[in-house]
Amino acid sequence: MSDGISTRGVRTITYREALREALREAMTRDPRVFLMGEDVGRYGGTYAVSKGLLEEFGPERIRDTPLSELAFVGAGIGAALGGMRPIVEVMTVNFSLLALDQIVNTAALLRHMSGGQFSVPLVIRMATGAGRQLAAQHSHSLEGWYAHIPGIKVLTPATVDDARGMLWPALQDPDPVILFEHAQLYNMEGELSDSVTADIEHAFVRRPGTQLSLITYGGCLGKTLDAAQQLAAQGIDAEVIDLRVLRPLDAETILASVRKTHRAVVIDEGWRSGSLAAEVMARITEQAFYDLDAPPARVCSEEVPMPYPKHLEDAALPQVARIVTAARSVLGR
Amino acid sequence: MIEFKLPSLGSDMDQGKLLEWKVKPGDTVKRGDVVAVVDTSKAAVDVEIWQEGTVQELIVAPGATVPVGTVLATLLAPGESMDFGTTQAVSATISSVAAPALVARRRISPAARKRAEELAIDVDTVTGTGPDDAVTLQDVEQAAAAQAQPQDRQAEMRKAIAAAMSRSKREIPHYYLAQTIPLEGATAWLRDENSRRPVTGRLLMAVLFLKAVALACCRFPEMNGVFRDGRFEASGAVHAGVAISLRQGGLIAPAIHDVSSKSLEELMRDLTDLVQRVRAGSLRSSEMSDPTITVTNLGDQGADTVFGVIYPPQVALVGFGCVRDQPWAEQGMLRALPVVNVSLAADHRVSDGHRGALFLAEIRELLQYPEKL
Numbered sequence: 001m002s003d004g005i006s007t008r009g010v011r012t013i014t015y016r017e018a019l020r021e022a023l024r025e026a027m028t029r030d031p032r033v034f035l036m037g038e039d040v041g042r043y044g045g046t047y048a049v050s051k052g053l054l055e056e057f058g059p060e061r062i063r064d065t066p067l068s069e070l071a072f073v074g075a076g077i078g079a080a081l082g083g084m085r086p087i088v089e090v091m092t093v094n095f096s097l098l099a100l101d102q103i104v105n106t107a108a109l110l111r112h113m114s115g116g117q118f119s120v121p122l123v124i125r126m127a128t129g130a131g132r133q134l135a136a137q138h139s140h141s142l143e144g145w146y147a148h149i150p151g152i153k154v155l156t157p158a159t160v161d162d163a164r165g166m167l168w169p170a171l172q173d174p175d176p177v178i179l180f181e182h183a184q185l186y187n188m189e190g191e192l193s194d195s196v197t198a199d200i201e202h203a204f205v206r207r208p209g210t211q212l213s214l215i216t217y218g219g220c221l222g223k224t225l226d227a228a229q230q231l232a233a234q235g236i237d238a239e240v241i242d243l244r245v246l247r248p249l250d251a252e253t254i255l256a257s258v259r260k261t262h263r264a265v266v267i268d269e270g271w272r273s274g275s276l277a278a279e280v281m282a283r284i285t286e287q288a289f290y291d292l293d294a295p296p297a298r299v300c301s302e303e304v305p306m307p308y309p310k311h312l313e314d315a316a317l318p319q320v321a322r323i324v325t326a327a328r329s330v331l332g333r
Numbered sequence: 001m002i003e004f005k006l007p008s009l010g011s012d013m014d015q016g017k018l019l020e021w022k023v024k025p026g027d028t029v030k031r032g033d034v035v036a037v038v039d040t041s042k043a044a045v046d047v048e049i050w051q052e053g054t055v056q057e058l059i060v061a062p063g064a065t066v067p068v069g070t071v072l073a074t075l076l077a078p079g080e081s082m083d084f085g086t087t088q089a090v091s092a093t094i095s096s097v098a099a100p101a102l103v104a105r106r107r108i109s110p111a112a113r114k115r116a117e118e119l120a121i122d123v124d125t126v127t128g129t130g131p132d133d134a135v136t137l138q139d140v141e142q143a144a145a146a147q148a149q150p151q152d153r154q155a156e157m158r159k160a161i162a163a164a165m166s167r168s169k170r171e172i173p174h175y176y177l178a179q180t181i182p183l184e185g186a187t188a189w190l191r192d193e194n195s196r197r198p199v200t201g202r203l204l205m206a207v208l209f210l211k212a213v214a215l216a217c218c219r220f221p222e223m224n225g226v227f228r229d230g231r232f233e234a235s236g237a238v239h240a241g242v243a244i245s246l247r248q249g250g251l252i253a254p255a256i257h258d259v260s261s262k263s264l265e266e267l268m269r270d271l272t273d274l275v276q277r278v279r280a281g282s283l284r285s286s287e288m289s290d291p292t293i294t295v296t297n298l299g300d301q302g303a304d305t306v307f308g309v310i311y312p313p314q315v316a317l318v319g320f321g322c323v324r325d326q327p328w329a330e331q332g333m334l335r336a337l338p339v340v341n342v343s344l345a346a347d348h349r350v351s352d353g354h355r356g357a358l359f360l361a362e363i364r365e366l367l368q369y370p371e372k373l
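Just so you know, the sequences run in chain order A and B. For the record, in the first sequence the residue sitting at position 286 is 286 according to this note's numbering, with numbers rising by one throughout. For the record, in the second sequence the residue sitting at position 164 is 164 according to this note's numbering, with numbers rising by one throughout.
Among these hints, one or two may not hold up.
[Claimed, not checked] Estimated spans, in silico, between C-beta atoms of each pair:
(1) B:MET1 to A:ALA282: 41 to 49 angstroms
(2) B:PRO67 to A:GLY4: 57 to 65 angstroms
(3) A:ALA256 to B:ARG167: 50 to 58 angstroms
(4) A:ASP314 to B:ALA145: 22 to 30 angstroms
It should be emphasised that the hints constitute simulated quantities derived from the structure, not laboratory data. Backbone N, C-alpha and C fix where the C-beta goes; we use that ideal spot for every residue, glycine too.
Looking at chain A on its own, in the form it has when it is part of the complex (with noise of 0.2 angstroms):
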């Protein structure tokens, strides 16, 4: 799962065609893949990540599903069971709360009911997040909901890189996989590395630094990174993690980084109480304690249903300012 994607040299790209590349790909190699979901056909996808393939692929393999998510996604489950390689489609995670028993009781449980004799090689892809005036219904972040059950594996592509390259190795992987796609992101420009890396296992070091982690996934890695950078002119060497898979976590990729600085900030747009965040500061707390130097600290979401007016949205949420302020105060100034 370690082997590199080539895709045909360095080149910048959006989120939104390095993830159409990676369905066309994984297409292209595997007769067995097809994608399933509401509009994601005719239409080309409510973020127009399809856009194009019903045309290159056909109606048999890109295939527009009624709007009833406990439906297809146990169609998908079936699908995989029955040999096939499903890549199903949920437009949004507001929408996936439909198809929860499907993916919790079924696609995550079924190894273990069916005592090892069945397992559910499905890849369910959603986007997720806060930022675009959808108000409260339409802006959840419940990663680490999905992240809190075992049998399944929760990826969040922040790069073009992980656009481009997680989809394969979740289609490798034996068991269900669930891909979240930041909805801030689809327009997000990158480099497009000429070989990126096939990993759904590891954290990765975005940003290496000495003082402080600033431990972070999906949506909020640009933020971070910003903020690292602000941090910088003030003379704070922060390092900053990608978690990129949030189940299972890369726990040591997480405490090395705290054993070298001693300093933890957990960027989390999911609400504080029971977040992931919290899951991680937990892991940091538990097993690097006597590494600690300052109390963790974290950046979540207001707990409060997401506000529509622009400015109270935009004060929900971690900003860039909220994680420099964070990261200064563990640093005690």
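Using the hints provided, position chain B relative to the given structure of chain A.
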């Protein structure tokens, strides 16, 4: 609430390192009690407090280096009630039964505590700079580094002397006068006096010099005091700073208090005590901070004449060279007499040469009648 601040123990002192607390929360203190030991760049000094009260909280931990003026501890004035947050006020009747010190647990980061253990550093002596003033890894490592490289005392002292003397030469327009004083009478009187005293009670010529200078100061107040903020403040009492050189190099000039009103015996005792304590490093803060004039005495091994540099903010320094026999012409006769060259370095902003000369003449006169000193 009384704030006990780090006093300036000399004009060349900007900061001090708290070495030790002599009191703990709940202790009652009175004027003149030694409450802490502070290391200036020159010496470890017993710092006295000038107010009465009950120690409430020790704010600065031993080992910390803090600027002059930093609040080291808080005290409750007599009658003021204890306020330890949620704790009930301790009534006056039981406060004497050593109220337990309710000090919040110090914040020490886990990493700092572990490192301190490895380095055998007492974390209680380390000042915290982390969040909520917690002791951090860096604080411990700096403390360890400071311990590993003991402060170069001599270099520090040299720096302190350099600062004070540079300031003196920069700010004080010195003028110098000198006079040779015959000491035939004083020497004879001293020899006679000492022959009747036990060895431990014998007087030194230096004590006569001190007393003579102090008495002269009473008649020439412009020599005795400090020049501060553009004006001279004369001092009622004469606290003579006695320049004492240290064996390891450098010198220090702590005060003997109220010299003019003390007997020669008392002065001798004070001088002996002071020299011993200077060498043992246990000076008191008032001795360091309040001399009103300096007397330097080069002693038997010294040179003939001192050209002194005034120790700011004082305005005069009287220097005695070594006492030696010299040809002395008097009443048409030439004979050998013990004499001493006494010099005055004085601040021209405060006094003039004419008064300076009279001041030296007064010292000369006083030394002719040692029995009256």
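Against the structure, the hints:
With their beta carbons about 42 angstroms apart, MET1 of chain B and ALA282 of chain A fall inside the hinted range of 41 to 49 angstroms. The hint said 57 to 65 angstroms for the Cβ distance between PRO67 of chain B and GLY4 of chain A, and at roughly 59 angstroms that hint holds. One distance hint, 50 to 58 angstroms for the beta-carbon pair ALA256 of chain A and ARG167 of chain B, holds here, with the actual separation near 54 angstroms. Checked against the given bound of 22 to 30 angstroms, the beta carbons of ASP314 of chain A and ALA145 of chain B, roughly 45 angstroms apart, lie outside it.
Comparing the model with each earlier hint shows a violation of hint 4 alone; every other hint is respected.
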